[in-house]
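> Residue 1 is where the sequence shown starts when you use the numbering used here, and the numbers rise one by one after that.
It cannot be assumed that every hint is accurate.
Unchecked claim - Cβ pair distances, simulated, as ranges: (1) S161 - K62: 20 to 30 Å; (2) Q64 - T185: 37 to 47 Å; (3) D135 - Y58: 41 to 51 Å; (4) K165 - L60: 12 to 22 Å; (5) K115 - A69: 34 to 44 Å.
Unchecked claim - List of simulated lysine-lysine pairs, DSS-like, C-alpha gap at most 27 Å: (6) K141 - K165; (7) K30 - K91; (8) K71 - K52; (9) K142 - K106; (10) K115 - K97; (11) K84 - K97; (12) K186 - K52; (13) K71 - K141.
FYI, nobody ran anything at the bench for these hints, they're computed from the structure. Model, not experiment: these values are computed from the prediction. A virtual CB, placed ideally from N, CA and C, is assigned to each residue, including glycine.
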Amino acid sequence: MAGGKLSPRQKMINMMYLVLTALLALNVTKEVINAFVTINESVELSKDNIDKKNQMTYELFKQQMDNDAKKYSAVNEQAQNVRKGATDLNKYIDELKVKLIRTADKIDDGLPTPKLHDMENKEDYDTPTHIMIGDDDAQGKKGEALVLRNKLDAFKKLIVSNAPKGSEADYQKRMDNLLSTNDPTKKEDGKGTWELVSFYHNPIVATVALLTKFQSDVRNAESQ
Numbered sequence: 001m002a003g004g005k006l007s008p009r010q011k012m013i014n015m016m017y018l019v020l021t022a023l024l025a026l027n028v029t030k031e032v033i034n035a036f037v038t039i040n041e042s043v044e045l046s047k048d049n050i051d052k053k054n055q056m057t058y059e060l061f062k063q064q065m066d067n068d069a070k071k072y073s074a075v076n077e078q079a080q081n082v083r084k085g086a087t088d089l090n091k092y093i094d095e096l097k098v099k100l101i102r103t104a105d106k107i108d109d110g111l112p113t114p115k116l117h118d119m120e121n122k123e124d125y126d127t128p129t130h131i132m133i134g135d136d137d138a139q140g141k142k143g144e145a146l147v148l149r150n151k152l153d154a155f156k157k158l159i160v161s162n163a164p165k166g167s168e169a170d171y172q173k174r175m176d177n178l179l180s181t182n183d184p185t186k187k188e189d190g191k192g193t194w195e196l197v198s199f200y201h202n203p204i205v206a207t208v209a210l211l212t213k214f215q216s217d218v219r220n221a222e223s224q
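Sequences and hints are given; from them, build the entire structure.
Here it is as structure tokens:
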């Protein structure tokens, strides 16, 4: 719909996440855990800002449709296809984050889901590993990580299929960079799949922050 590059702020947040993940492999300290909470809050803010800009663009589509529905019906349909895909994917990730938090903190039905900074078990890595990876330590293909990967890949295909005619290859390249689900070219700490690299043995605070980053990337892809 609009321009296409990550903002400097978003790039900085992404870099900070990578740095914190590296520190996490060395030592899980309270400071690192709290830093992930801060990262998550920053990415949530970025995601919400992108979403607001997207809604403004959809309002422009509506105005154009009111003025000349015949002329703008095709591009409006493409935009609405992308809008639905982004909304459905973000809803799935929201539900996944809620499941992770409630399971880790053992929240009873009927009680509210705490915010990430209010969690008691921020350092819990068993729960996210079990939910995201399942019991497949070799490939990580028996949990929600594979479901998420498939949904991200499907969303990328949706973006490309609704891109302006003649620009499909360009959008494919953009989406592959922004929402990469590629396996590592070399094993990282014995992890040879996207699922394991992304989610194996990471504390819940890092897992939720990464999921929020994916949501922000989805909204950014929608914007593009």
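> Would you pick out the hints that fail for this structure and give their numbers low to high?
Of the numbered hints given earlier, those the structure breaks are 6, 7, 12, 13, listed in rising order.
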